[in-house]
Each structure stands twice: as C-alpha cells, then as structure tokens.
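Participant: Turn these sequences into a full structure, and let the hints guide you.
Residue numbers (my numbering): 16 to 538.
It is possible that some hints are incorrect.
Said to hold, decoys possible - Okay, derived cross-link-like pairs now, DMTMM-like style, lysine to aspartate or glutamate, Cα gap no bigger than 25 Å in a straight line:
| hint | residue 1 | residue 2 |
| --- | --- | --- |
| 1 | LYS303 | ASP191 |
| 2 | LYS318 | ASP225 |
| 3 | LYS262 | GLU142 |
| 4 | LYS488 | ASP144 |
| 5 | LYS100 | ASP158 |
Stated by the list, open to error - Quick list of simulated restraints, FRET-style, between CB atoms:
| hint | residue 1 | residue 2 | range |
| --- | --- | --- | --- |
| 6 | ASN336 | GLN510 | 48 to 54 Å |
| 7 | ASP225 | GLY172 | 18 to 24 Å |
| 8 | TYR173 | ASP225 | 21 to 27 Å |
| 9 | GLU277 | ASP86 | 38 to 44 Å |
| 10 | GLN332 | SER472 | 49 to 55 Å |
Hint data in this document are derived by calculation from the structure and do not stem from the laboratory. Quantities reported herein were computed from a predicted structural model and do not represent experimental measurements. Beta carbons: idealized from backbone N, C-alpha and C, even for Gly.
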Amino acid sequence: MAIRIRRSAAFLLSFLFIISTFFCTSEAKAENHKVDRSLEKRTYDVLTEGQILEGITIGIDPGHQSHANHDTEPQSPGSSVMKAKCSSGTEGLTTGTPEYEVNLKVSLKLASLLEKQGATVIMTRTENDVDVSNIERASIMNDNNVCLAVRIHCNGGYNTAVKGAFMLVPEKGCTDYYDENVRAARAIIDEYCLETGIQKIKDNGLTYRDDQTGFNWCTRPIVCIEMGHLSNAQEELLLIDDAFQDKMARGLYKGLVKFFTEKVQPSPTPTPSIVTDGSIGTAKCLAKSYMNLRKGPGTSYAKVGTLPGAAIVKVYQKSGNWYKIYYKGQYCWASGDYLSVTMYPSSSASTVPTATAAPYPSATKVPSPSTISDSSIGTAKCLAKSYMNLRKGPGTSYTKVGTLPGATIVKVYQKSGNWYKIYYKGQYCWASGDYLSVELNTSPSSSASAAQSSDGSIGTARCLAKSYMNLRKGPGTSYAKVGTLPGATVVKVYQKSGNWYKIYYKGKYCWASGDYLSFKPAF
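Facilitator: Laid out in structure tokens, this is it:
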C-alpha cells in the first residue's frame, strides 16, 4: 500500500512539472515575440510606406575607382598639402576582390531603395572605369545642393584580426554642418550594424577627420561609412556576397530614413543675456555656390577665403553694407549684397534690414539700336552654374574684365576661334564658347552666315546625365576616355556615327554616346 501511494505521488509531481514547464515556455515565447517586435520597430522598415523621401536630394559617392589617379590636388581650399586625386582602394584578403567593386554594388542597391521612396539620388559614378578626383566628387555634391552626401567605403589594414564598421565625420572646424553630420552618422551606423550584424568599432562607431579631401572641399552635409574590413577573411566573405550586400544597402537605407524623418528640436536663438562672445547677430549666405570674404569692409581689401552658399555665421560688426563675421578660425568681412542678416534684439544694429539682393543679378539689358549701332550676329546664353569670366580679348591670356552670371543672355558681335565678342554692362568683351550656348543669325544678309558655315556644326546637344558622362576619342566605348561632360551642358554637334556624336568641348573634338544626349534639331 505504501509503495502504491509513493507511486501516485510521483506521478502527481511529474504531471505538475510538465504543466508548469508548458506555461513557462509559453510565457518565454511571448516575451521573445515582444522583444522581436520592438527590434522590428527600431529598424525603420518603411519600404512599404510610399514616397517618404520625396523632395530630398541624397548624394552617394562610391569610393575609389578601377584605375588610380596619382596626380595631386590640394587637401583643402588654399592648402599647400597635396594628396593623390583618387586611389583604387584596398582589396579582399583571400579573394582579391577590389574595394571599388563592393562600394559601387552596394551604392547602386542603396540608390534603388532611396529612389523607390521618392528621393532624388546623385551618384558621383555609376561604373568602375572612371577618372573622378576627390575634389570633383565633392563638387558634384555642392553643385547639386544635396541634403546629405554619403561616401561609401570598405576598410583594410595590416592587422587581419581587426573587423567591424565605423563612420568618418568631418572635424568641427572643417564644416558648417557639424551637428547635422554627427546626427546622420549615428543614425546610419546604428541601423547598418543592427541590420547586418557587423559590429561597431572605434568606441561609438564615429571617427573625426580633418585630412579628407572629399570632406574639406564639400560645402554640404557629408559623412563616410567604412562598411567593414576586406582585410579580415571572415568579414571579407560577407562584404563580397551579393545577398549580404542587399542587407548592407538596406541598413544604410534605414539609417538615412531615420535621419531624415526623426524629429529634431531646433536650437533656440541666443538671447542677449546669454550671448557672451561679442556677436551682434547672425548672417546666412545667399550665394548659390559661394561668396568672397575680405580682410576689410570693401572689395579693395585682399580676399582671405570664401563662404559657402547657405552657410550661417555670427556677425560682430557692421560698416556700411559690409559685415564682420567669424569663419574657419578667422574674422573677415562679407558683403551685405549676398547675406540675409538677423540682428539680436538688443543690438544697436537691429534696424539693419535683411538683405534682399539676389546673389546673381539678372542680365543687364543690351543697349537698343537707338543707342548703339547694333551689328550683332547672334545671341549667347551663359551655361555656367554661377558665372563665367569675361576677357579683354579672345583667349585666357587676355586680362579679365568682368564676369557673366549663369543663364544670362547677351548679343554676339564677332567670333574668333571658340571665343565670342559680346556686349555686357556697357562694354565689349570676349567669352569662351565652352560655357556658352550660341545661336547665330541665319539671315543671308547677316555677317553671321559666314561664321556659321565655317563652324561646320550640324546642331546642338544637351547632356542628360545627372552628374556627368564620359567622352571618348572615337565613336564607341572601346575608344580611350578623354574627359567628362557635366550634366545639363550644351555643346555643338559636328558628326554622327551610329548612336555616337562628335562634339567640341574644352578645346577639343571628342565623341559622346547618344544615350545621354538630347538634340536640337533632332537627328
């Protein structure tokens, strides 16, 4: 009987253990499910939400290129330190896969994700066989006024045990967008590492640099990600895998979405009670690209630097229409013609009106035939984004006598080689045809007819590429590359061969693919 009771008790205990284990396991599963849902929320998985990035322009710079360019260029504006224009980067430890290939593949995947959400994407390159220097890459970002530029790289080193990802950020004194850059870098590295499982290195994943040419020449917000180490055999196999590259692109995408959609509280305008640095207000640069800074309050003073478009600086003194500001470690003067100035309420200069002058005024009207003898032979439109130089004669060896703002239309009076004599602001001067869209008169009585026939062109073409297109020595990709044609540039066409067109650009004839051109007249 005692044995039977012990057996019954043992059975009852076993039954209770099974029941309790079942409920504990169920609770654990529910808790795990709750954690997973939280992680899903953190990843900003918004691919199905629609055009959430509409109106935002994002620059992507796939690092390096297949052939290094060891010619040098200044590390920063005005610097005597010279660095190679562009290297070919590192390569995989075991497979030898070049970094530039990985960078481009991930960049193209990222661009596709961003464009699906309505973003405008500007690429510095879309193929590996290019020759684009670091300054040119920065200029592409500046010219397109990107909201954020992201440089895409992989890292390498002698220590093959090191692995992980990190962000490069411009040092505080190198940029006007320091806080914005840091916020972007943190958002990108957090989401990238969460999506890919690659660990952050260098503490919080951020490293600050002041020796990067691509940073120092860029006047827009910019960061650079080192996605991992190709010099580590384990990480290399991940970085070169196509399916894993989808994850890499997705992580970068989520970080960018996080950066552009998270709410940021604006910093309050400083009140007189807390302004201790002697400033009397702030000024925003209205110039499209940049404006000159002077040693004193006037154009007769030496130029000491430039202030990028949209940059905001503090004002310390006013003299006439000139403002003393502090920028990149020095006090200098900026013209009020290109500034929007806001004075602190307690400042004696508070009555100074906000500057309303456009940085690039509209073209001066050409005098009518009643005031000058109008023997013009055609018109020309300035293609430069900001302005082009005007010379005393037909060549760069002649003295500069002024500038012609972008999009200005003027009359042409004479042609000499690729130079055109125009009338602008009360004087005759010469402008290079490299930066002009010229339409000469076709009337038989016009003296332009002879110039037009000797020109030999059969039409004009406009570059449709977002950044630039390659130019070749002959009509095909098998011919050597001889330069690049910037987006929106208009050039003359002289010959057609299949889908290739012979054009004249920067003092030489070369060939451009019809895939990236629009024509007038249509061929």
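Participant: Please go over all the hints and tell whether each is borne out by the structure.
Facilitator: Here is how each hint holds up against the structure:
no., hint, result
1, LYS303 x ASP191, "holds, 16 Å"
2, LYS318 x ASP225, "holds, 23 Å"
3, LYS262 x GLU142, "holds, 21 Å"
4, LYS488 x ASP144, "holds, 15 Å"
5, LYS100 x ASP158, "holds, 19 Å"
6, ASN336 x GLN510: 48 to 54 Å, "holds, 52 Å"
7, ASP225 x GLY172: 18 to 24 Å, "holds, 21 Å"
8, TYR173 x ASP225: 21 to 27 Å, "holds, 24 Å"
9, GLU277 x ASP86: 38 to 44 Å, "holds, 42 Å"
10, GLN332 x SER472: 49 to 55 Å, "holds, 54 Å"
Every hint, counting from the list given before, is met by this structure.
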